[in-house]
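Just so you know, the sequences run in chain order D and B.
Going by the working numbering, the first residue of the first sequence is number 409, and it counts up by one from there.
Going by the working numbering, the first residue of the second sequence is number 1076, and it counts up by one from there.
To be clear, the hints were calculated from the coordinates, so they are not data collected in a lab.
Note that this is a predicted model, so its numbers are computed, not measured.
All residues carry an ideal CB built from backbone N, CA and C; glycine is no exception.
Mixed in with the good hints, there may be bad ones.
[Said to hold, decoys possible] Some chain B residues near chain D, calculated using beta-carbon distances under 8 Å:
1. Thr1115
2. Leu1133
3. Gly1135
4. Lys1213
5. Val1446
6. Phe1475
7. Val1510
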Amino acid sequence: MSFAFDLYVDRASWLHRLDPRTKLAFVVFSSILLLSFSHLLVSAIFLLGIHGILWSSKVPASRLRWAWQRMWPITVLILVLWPIFYPQGEEVLWQVWRIRITTQGLWQGLSMALRVDALAFAFLVLLFSTDQARLVRGLVKLGLPYEWGLTLAIALRYLPTLYGIYTTVSEAQQARGWVVGEGSFIQRIKSYLPILVAVIVTALRLADNLSLALAARGFQPGARRTYLRELKLGLADRICLPLFAVSLISLLILRFA
Amino acid sequence: MDDLHYAYPPLTPGGEPVPVLKGVDLRVRKGEFLALMGPTGAGKTTLCLTLNGILPHLMGGTFQGKVVVAGMDTREHGPGQMSHKLGIVFQDPESQLFNMTVEDEVAFGLESLGLSSAEMEERIAWALEVVRLSGLGKRHPLQLSGGQKKRLAIATVLAMRPQVLVLDEPVTGLDPLGRHEVLSVVEQLKRESETTIVMVEQDAEAVMAWADRVAIMEGGRLVVEGSPRQVFSQVEALHNWGLAVPQMSELAHLFNQRQRASFHFITEDEACSALASKLQPGIENRKSKIANPGPSAPSPVIQVEDLCYHYNDGPLALAGVNLSIEAGDFLAIVGQNGSGKTTLAKHFNGLLRPTRGRVLVLGQDTAGQRVGQLARKVGYLFQNPDHQIFAPTVWEEVAFGPRNLGFSDEEVAARTSEALALFGLADQADTPPAVLGYGLRRQVTVAAVWAMRPQILVLDEPTAGLDWRSTCTLMEEITNLNRQGHTIILITHDMKLVAEFARQVLVLDEGQILACGPTRQVFQQEALLRQAFLAPPPITALARRMRHYGLRGDSLTIEEFYEDYTALRRDKEQGDRASATLRPCDLAP
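Extracted from the complex, chain B is given alone in its bound form (with noise of 0.2 Å):
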């Protein structure tokens, strides 16, 4: 079997002359599982799109340069006759799965190839056991979950048997459980059946757990390859194009600056193990000090009574909820998808009524208040922009919620423009959010939700399919507004952010309280959160790990990891030194 060789000497595809890719070279051994990152806007997606000849063949555009792969030039081959070699999946799942039940939807690709149907029945059995699917091939694919449709995405390519299995950003948006789902069958396959992969994909965990080589992509070039070890030591470069690293390499980064220290750890095994090599096990745990904050004045502005809530028909969504949040408050709520937490969140705002018990905001029970009374107090944020943004300027969206509040002209033109200001949109005021790049139709929506000024904030999945930077910028502008005294209500689904920013942790599980409490003590209940297939983040990990030697073994970010492990040493030196001059009087008779 020939190597596989994709080559990219300049080309520049398009529509109008945009252009994306200028001058990628790229090789890809058979069998290797690549792993090609960069910010939102690098050119990821369209180099995907050359793959299999999407690029040119059905926009156009400018194509200089070329393309092979598995011997065959993309020039001469359209995407029809490259699906054999080489299959594609997307990233929204819902626009790629568009029959009535799963069996056909792994069919599809196979009556394009023209296979007799006997082959077709042993070619779907196939792929469905392969993303573990089996049995399910009479479903409706509504009816699956957010993993599952991802691997069924998967499957209507594999069953194609390519060569190449290319996969965009296949766990964006997923759940911690739909996420190992997925990247456990890509790794499968890659060992199993020597499938070349290629996976754009934005968390840097993810591509340094599974990933041979890595790719990095800026401005539409490839500006570095390597070994997830040698491309994630580089830190600093990385965080300059926007990108994420591994928490364990900004670990190793931060000691090296700092203390000139030469760590090149990038596991969470090797960084205990040379961590550990300059402290002794056995010591007392040091105490956390950071302290609780007395309880002050309670003052809630939610207030949630024995909520039960089931959509028509079917069951408990929600099934006993008791919480209260407090005033300026900042309360991540996590857990598995169907778990309950958007459904909860809609009751804070009218959008659902309960079922039995009440919801009070403000002291106020929303029952009796229309959704449009309550949007002066909680404002929300949905998951997609999309399903919000219509107006034909960005200014337009921005000034419609105070408009619809009842605000004077000068009001709203007011709001409409600090907001612009504030989220970085005052050049783009006269553009159509529409035509906006994902990040800024992010943007847009945030500060329209800003604009209304809402005391309670409301943010469903805000960073889903956000590049590192924006999140970065976002997770910013959210702290700053939570400062300012608003309170702040965050679904995620990324546990790093929750243990960086939320002061507060709800854990829902099938519409119950899993655990509620200060996010310092929730992440310590690790039986607690694998029961809501959860996992900290991996410095918290790291730290819980390395309790025995000392550590406090509660650390939530790289910054405080470093600050107790730096203070530890210090007091085990200053020890050293007084059991060094008490050692004398020690030995006298």
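Isolated chain D (complex conformation) (with noise of 0.2 Å):
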């Protein structure tokens, strides 16, 4: 069965214990931080930090490996493609035709580059580190309606069942003698049709049944529940929060004003 879709990893640290909204507000942080500061150095010290944040909470070096091996492509595509289309600067490398590579493209491809995967590693910190039904605890404690939360986590929830049920109906349409993905770009749409519609077929069964099941267990919407972890803001989040808006605000006055 695949997991794929959940990146949580189970640790016992001092950022899994965090609030999840502490860690959502790192997020904001983070992004208003890095799209205010396009700095080389900005970006490749918040990576560093990043990296010791996460190896300090014990996530394996796999899953960073995994992580760099999911970004690889993308950097290297705006190393190659930022130049090419920002030839701005007087000192060129480079020219041919009217391509012209120059080293403040270069740089400015490079900085570019490390503040998307800086970015990309601030959303990790989070998933990383918060379990859904944590991540889905805090946005309905930010505000979130809980049927919203409820069919989010639902949703999630059921993304590997759904991609279960759609192998299984491939391999059966399969052993009836029916070929997938082939020919012409109408053909393979058409080629689908036979496994969508048992997929969807099979996924409204699912959710007819899951309603009762709701009902089973006691759910009306609207009405008042308890939580069996009741969300509270720890001594690290009461010392985490006011840093960030503090260094948010000073660092937005050295910017801007």
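Mind docking these for me? Both chains are given alone in their own frames, and the hints should help you get the complex.
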């Protein structure tokens, strides 16, 4: 069974214990920071810092490698394309026909690539250290209606299930001599029809049963609920949150004043 | 504590005016274990849904009469409030486990009740302990086995401390070990906490073994009610309603009918003592008269050589399987879930490719043949009919396979109409298959495979979820195909089916072959079956137990046992007569 839709790594660490709201605040803080400061050093230091945080919270190196493998293509793409499309600056390194590569363009490309990586890792700090249930709890606590949060949680939970159904259905249709994903573009689209229809019908049956299961467990939309793990801001949260706010304000003043 | 009263004067729920329940009166006492049986479409699930007010509160419909559970009338209290008193566990575990961890799953209902988190912790620990899942609180529900999922589903409603627990086919689709795990949890619950249990179940042996009382539903009415002994003695009536009875009841019935005996046994112990009273122990075993047909010229249709397979990063799912299946054979593959049955079968039509070793179909290596090509030779019926049904009409659904194989329009039409006629679907040709009942949807998928006329037919648990009558019909059709020369490979957990229909059995355990041979021989090796958590059907167990009375002891069906037993009695009577006439000579000096 595939659990590829869940990035969470279960560890006991200070980062895991942080309130999901604090980590959401961190994502917002990082995004604003990275979008306002385009300097290479900011992104580089930020990336180093994040790796320090992830390392100290026992996220295994294999996870980090996995993340970099995903980020690698886009990093290279930016590194190559940025200098080509933004040929600013005087110092020309290389020129063929209209294409001009400048030192400034190269540096900008590098800082842009690192910035994108840094942004992605800011989100990964949240996703690696927060299970989906707590993440949804955090969002609900921040004002998302509970029903929406539940819907989101259920959608995330059933992604692997739907993928499993999809695999089985496509096997079943192949066993009946059906060939999937060949021929012209239109033919290929059409070849998925017998699979998609069966998947959707199965998913509808699943949804129908799910609504009964919710009712059987006393779920009533809009009713008052308690929670097994009530989110509470701990000491670390109370240190982190003002820290974010103060640093953000001072950095913004530094940048724009 | 008051007795619980459920009363259903006439009531008729259902979205469109489809009458399902037509006047049901039922009372269940506190602490009782009631089994509800009935053919598909009798209204069993509908009845369950009225018990906690899902019907009519969530689905509307016309509702007459009243349902009172633990003093609460469902007309006044919706499912939200009823869930304090009565917990329902539905058939499909997948749709009931919608959280990310086992713990959150159990917590969900408690959060609805508005409990404090300390109270929740306590109840979660208790509920998981009762269903024997302690220590798995952080697991993802998808990582659990079939039996564990069902037990978790029970824990989720159990934690809400209901007085009544309703279980809709709790063991359908589970392997024998999983069935036992679930049923023993339910029984313990009933014994220790006096929870009232209402269980919908098709399996007569399970009902016989576990329930205090049985109620039979048919056509939206309760037709019979009583102790398992009373109810299961009405063999003919039950068969007419399309229901199975325990094998021992069926055996007693056979003796009563043919020899005007008056047996009343319903358990193996009772059968043994009743039948043994007319025999003497110590007689030498009668020889098995069923001769093994001499080794005919071997013409294997499938050969598996040193097959190993593992899923991505997983452990070995198949570890060195060697197997040869002869043309025209009827082979059953049995074993626990995860023993590699389906993995093996998916190699026969190329859905999976060997990690090591090779598979030959009709003499040709499957490597290098596409699934589409192999589909001409090997038909594969998937477990869940909904995983293949997609067409707008039954006709189109059945025509899909032959059309994919590239037959002419006339040929496709001819095969389709023949298949529809053969499987009794001619009247439904223009109906969308998705709206048919489960039994008919299964028939559509069988017809669809048959229309492709594969020489080899793989059936992955085709009878799961079918009632007794549909199972009989389906097995009859499959036997007919086998008689016409099709090789049948049947994956199943139902040992009665194996005993009755399969000529060869393959027992898999952790990806390895534990036993393979003629059904009669394999079912004699009880220790080996136990190792794979399997047990022969009750009739075979009884025959084995009575071997020392002189029975052959290897009967696979009730009919075989009956003939063996009567033949033994006849021999003994003749022997008695013979010795009576000889006696004077013996006495002579």
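Here is how each hint holds up against the structure:
no.: 1; hint: Thr1115; verdict: violated, 16 Å
no.: 2; hint: Leu1133; verdict: holds, 6 Å
no.: 3; hint: Gly1135; verdict: violated, 14 Å
no.: 4; hint: Lys1213; verdict: holds, 7 Å
no.: 5; hint: Val1446; verdict: holds, 4 Å
no.: 6; hint: Phe1475; verdict: holds, 6 Å
no.: 7; hint: Val1510; verdict: violated, 10 Å
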